[in-house]
Structures are given as C-alpha cells and as structure tokens.
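Trainee: Residue numbers (the numbering used here), protein chains in the order written: chain R, 5 to 237; chain F, 108 to 416.
Calculated from the structure, these hints are not laboratory results.
Beta carbons: idealized from backbone N, C-alpha and C, even for Gly.
Careful: at least some of the hints might be erroneous.
What the hints assert, rightly or not - Listed next, with one range per pair, are the computed distances between beta-carbon atoms:
id	chain 1	residue 1	chain 2	residue 2	range
1	F	P387	R	E197	31 to 41 Å
2	F	E344	R	R86	52 to 62 Å
3	F	G362	R	G113	50 to 60 Å
4	F	T290	R	E197	24 to 34 Å
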Amino acid sequence: MRDEVILEGRDITKTFRGRLGGHPRKALEGANLRLCRGEYLGLMGPSGCGKTTLARILLRLLEPDSGQVFFRGEEVTRLRGRRLLPFRRRVQLISQRPETFFDPRLRLGKSLLEPLDIFGLPRDRERIRAGLERVKLPAEILERYPHQVSGGEIQRLSLCRALLPEPEVLILDEPTSMLDISAQAQVLSILRELRGACGLTCLFITHHRETADFLCDRVQSLEAPGIPPGSVL
Amino acid sequence: MVRGLELRDLSVTFSLPGGDVPAVEGVRAFFPSGEITGLIGESGCGKSVLGLAILGLLPPYAQVEGEIILDGEELSPGESRRRLGTGLGLIPQDPAESLNPARTVAAHLREALLPLRLPRSAVPERSESLLRDFGFEDPRPVLRAYPHQLSGGMQQRVLCAIGTACSPRWVLADEPTKGLDRTLRGQVRETLLSLPKRGVEGMLVITHDLALAQGLCKHIGVMYAGQLLELGPGVLEEPCHPFTRAFLAALPENGFRPMAGAAPRPGDRSEGCVFAPRCPRAAERCRRERPGISSPFPGRMVRCFLYEG
Numbered sequence: 005m006r007d008e009v010i011l012e013g014r015d016i017t018k019t020f021r022g023r024l025g026g027h028p029r030k031a032l033e034g035a036n037l038r039l040c041r042g043e044y045l046g047l048m049g050p051s052g053c054g055k056t057t058l059a060r061i062l063l064r065l066l067e068p069d070s071g072q073v074f075f076r077g078e079e080v081t082r083l084r085g086r087r088l089l090p091f092r093r094r095v096q097l098i099s100q101r102p103e104t105f106f107d108p109r110l111r112l113g114k115s116l117l118e119p120l121d122i123f124g125l126p127r128d129r130e131r132i133r134a135g136l137e138r139v140k141l142p143a144e145i146l147e148r149y150p151h152q153v154s155g156g157e158i159q160r161l162s163l164c165r166a167l168l169p170e171p172e173v174l175i176l177d178e179p180t181s182m183l184d185i186s187a188q189a190q191v192l193s194i195l196r197e198l199r200g201a202c203g204l205t206c207l208f209i210t211h212h213r214e215t216a217d218f219l220c221d222r223v224q225s226l227e228a229p230g231i232p233p234g235s236v237l
Numbered sequence: 108m109v110r111g112l113e114l115r116d117l118s119v120t121f122s123l124p125g126g127d128v129p130a131v132e133g134v135r136a137f138f139p140s141g142e143i144t145g146l147i148g149e150s151g152c153g154k155s156v157l158g159l160a161i162l163g164l165l166p167p168y169a170q171v172e173g174e175i176i177l178d179g180e181e182l183s184p185g186e187s188r189r190r191l192g193t194g195l196g197l198i199p200q201d202p203a204e205s206l207n208p209a210r211t212v213a214a215h216l217r218e219a220l221l222p223l224r225l226p227r228s229a230v231p232e233r234s235e236s237l238l239r240d241f242g243f244e245d246p247r248p249v250l251r252a253y254p255h256q257l258s259g260g261m262q263q264r265v266l267c268a269i270g271t272a273c274s275p276r277w278v279l280a281d282e283p284t285k286g287l288d289r290t291l292r293g294q295v296r297e298t299l300l301s302l303p304k305r306g307v308e309g310m311l312v313i314t315h316d317l318a319l320a321q322g323l324c325k326h327i328g329v330m331y332a333g334q335l336l337e338l339g340p341g342v343l344e345e346p347c348h349p350f351t352r353a354f355l356a357a358l359p360e361n362g363f364r365p366m367a368g369a370a371p372r373p374g375d376r377s378e379g380c381v382f383a384p385r386c387p388r389a390a391e392r393c394r395r396e397r398p399g400i401s402s403p404f405p406g407r408m409v410r411c412f413l414y415e416g
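Let's have the full structure, built from the sequences with the hints guiding it.
Mentor: Listed below in structure tokens is the structure:
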C-alpha cells in the first residue's frame, strides 16, 4: 500500500500577475510532487518559493496555468462544482492561521458541525467527542467562542474539524509557525499519534528542518530537481 | 545610577464587561542598558501586554499599576507615547494587522521618519537604506508596494525597518521572527544585533523563537500566566523554575516533549503559585501560597518555593 500514489501534482506552472507594480511573478514552473499513501512528506523551501501556491493547487483552491493534479489516479484538475465535493472531503487543509476557519460569531461546537453538514454526514455528537479526544481537548471547549481559546487550542480544533469528514490526506501549511514551542510540541505529538491511529497521509509544509525531521518520512525541497524554485522575492 | 529599564510591581488589568481580567501581575524586573533581554513564555502569558504597557500603548480599559522607570526617570503612559520613535521603538507582531492596507511601504516609512524632520528629498534615500538593512536587495519596487503585495516575511522586515527608522534608544521587538524561514530569521537576528551600533541602548525581545533568544540575549525573562517566574543571564542553559524546565523540554533538541495540562484561562487565578496545577514538583504549600522572589545565585531571580532561603 505504501507505494500507492494517493496525491500527485504533475508539471505545475503558475504565474501571478500584478504583484509589485504589475510585473508577472512566476511562482511555480514545472513543479512535480508525489505523495504516497500513509506517507508523511515534508515540503521545505525559502519564503516566497511557491510552497503555499503548490499546496493550494493540490487542494484545488487555485487554478494552475498548466499541469495536472491527480487524486487516487483520477485527474481532479478539471473537476468543477459539486463534482469536487468527494475530493474536498478526502483532502483537507490545516493552515498557519487556524482562526480564519472559525466564524467569530459562532460557538466552536457549532463551527465543528459545518464540515459534517457540508459533506452530508450525520451530526453525530459521538464523532465530535472522539475527535476532541484525539486532539486532547475537553468537551467544554465547544461552548466557547474562537477568541476565548489559545493559539494552540484553536490549531488543535482546526485539526479536529479537518479530521471529522475522515480525510485520507491532510495538507498542513506551516501549522506550527505561529505557535509557541509548548503549543508546537502538543500539535506535533498529536500529528505523530494520528499517523498510527488513522493511517493518514500528510504533506507538511514547514520552515523548520527539526520539525520536518521529527514528523516526516522524507523531506522534499523546492530547490530539489523536479520542483525548480520559482522567482524568489 | 545603573542605566536601564526597571519595572516595579507592574500590573495590568483589563476591565471587561464580564469582569476584571488580570493580564500582568506584580512584575518586578530590571533590564540593563547595553544588553538585549529576551522575554519568553507561552502565548497569552502577558508578554506583549507587558511590552505595550512599557510603551504606553494599552487601550483605555486597561488599568496599569506600578512604576516603569527608564534611566532613573518614571515613565507615565503619556511620556512613553511622546518618546515613541526616537526614544522608544516598537517592532510589532502580526505584520498583516500592523500595516495599513491602503498605504504603500514608502508612505509607512515616510510617516515613521517624521520625528527626524529630514528634508523631503532625503526621505526616499533613507527609506531605501533602511530596507536594504533588512535584506531587501532591490528596495525600490518594495517601496512602491502595498502590504498585500508582500509575503509575510517581507511584511515582517518592513515592520522592523519602521520600528527602528529613527534609531530609538530602546527597542521593543514583539515576535520579530514569527513565521519567517531560517534565512530570514538569520537576517532579522543580524539586524537586531547591529542596532546597538546605531544608537540603540537596550532592547527587549519578546519571542517564541528560543534559538533567536539564545543567539541574541544575555538576559532572559520567563513569563507564565501574567507573572515573571524567572529572570537573569543563562536561563536557557541553566533553568531553575519548573515551568522553564518544562517549557524547554518542548524544544526540538529535547524531543518536542509537550507540557502536561493547560495554562489557566484569563481571569482564572488561584490562591497559590500560578504554575502549581501543572507543576511536577508542586507541594501543598504551592497550592495555598503565592511564592515570592528568591535568588538561587547572583543575578538570577526565581519565583518558586524550591529556591527559598
């Protein structure tokens, strides 16, 4: 199973227009990435080299100029609208700004129901309770609002939210870069435990070599052959 | 008189509709001039509030008690604000929130340079030189850019340039390397190290980046739940307080070992030591009484009964 490619980006190119006085900026050129089932892959590279752009293209949140994205062998680059829903359920994002995933006007318990509603899953309290247990949070946190929890807690809640629809792949875009070392260690130890418990596949974008080494089977650099660097600002 | 920044029983309480929330409690500390002092601790422990209190930038609903003394002179909030720019400089955290989305970088720097009263024609050159100091090899397109056109790392470096534009005597840097990659963290570190050569007498660096703190700061203060639990030179090499030890165990080189339990929520205050509920060495007395300041050896201050007497 380990060699089965679950998510793949082939020959992806993306140019942004309008940054810094309207000059086009090449973010990615012929980028390739292969993620095998059950693998934790670290993706590293300097600021502005296109890590987040590549992640957003793999998530189908951004259109590439050229290139393809495959999920379990099926090309998803051309999928639109509701046909993307099954893919969206199976490939989830964890961001470095987890607070943006939660409506500030809603109690956290209500926000956690959103992915279940979106993917037509039952509003199963037991599923939410088990999810919170997995990320080591007490059930009383569901009664609070986003501004009433710490940075580490909201990142663990976003992990819980991402895991509720039972994804196969998690794309984590610098999930610990805004956290203090204590909260970082909590999130990393949970991610390590999840690997055994859920058989997740993870693409872990980070600036920290130590973090990548702690968590990942292998680390790919954006300067490595196959993923040439974009124009670094 | 020893030159430096002294805090005498500094407390900050936010008066909120739900009740008073203490954010900083009885901080007693001395940060000497000529040194860079690091302030570390978990998110929400009051580090930034302490920094904003020093700069007089807290909102009106914050009650500040105690004294802030710079080189023997007491600073009121108004006096601190008056000195912003040339006397006190701030490198704030969260670049996306701190930059005005409707203004270019050039406009931000122009405003930051106002206290220097430079001739209009000298401002662009000074702005370019500031940006070069912070790693922008070609500053001109950056000066024309709006904040949304810059990456997070670039925004952070622009903030560093703004905070030190008028070569202030004291600089408070709040998470100057947050979210930056290794290369940029190194650049910011080098720039902060170079500030004393440009007239900066003292610096307080609030950070989660312990590698930065270690490379930059001789003195380190450790905060938890609004209290300063430990302060002195060599804190990272030889931690005394059980919190400092547990906090450092989460470092990569120590195996990312997470601390048990959770920090108290704002407003939750027990009678005893603030760290007692999570402390592996807590005794009955720790849950009843709040420890005072002890000095296990010269230069070190620790708020823990383990070092009493």
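Trainee: Next, verify each hint and record whether it holds.
Mentor: To see whether the hints hold, each was checked on the structure:
{"no.": "1", "hint": "P387(F) to E197(R): 31 to 41 Å", "result": "22 Å, violated"}
{"no.": "2", "hint": "E344(F) to R86(R): 52 to 62 Å", "result": "58 Å, holds"}
{"no.": "3", "hint": "G362(F) to G113(R): 50 to 60 Å", "result": "34 Å, violated"}
{"no.": "4", "hint": "T290(F) to E197(R): 24 to 34 Å", "result": "32 Å, holds"}
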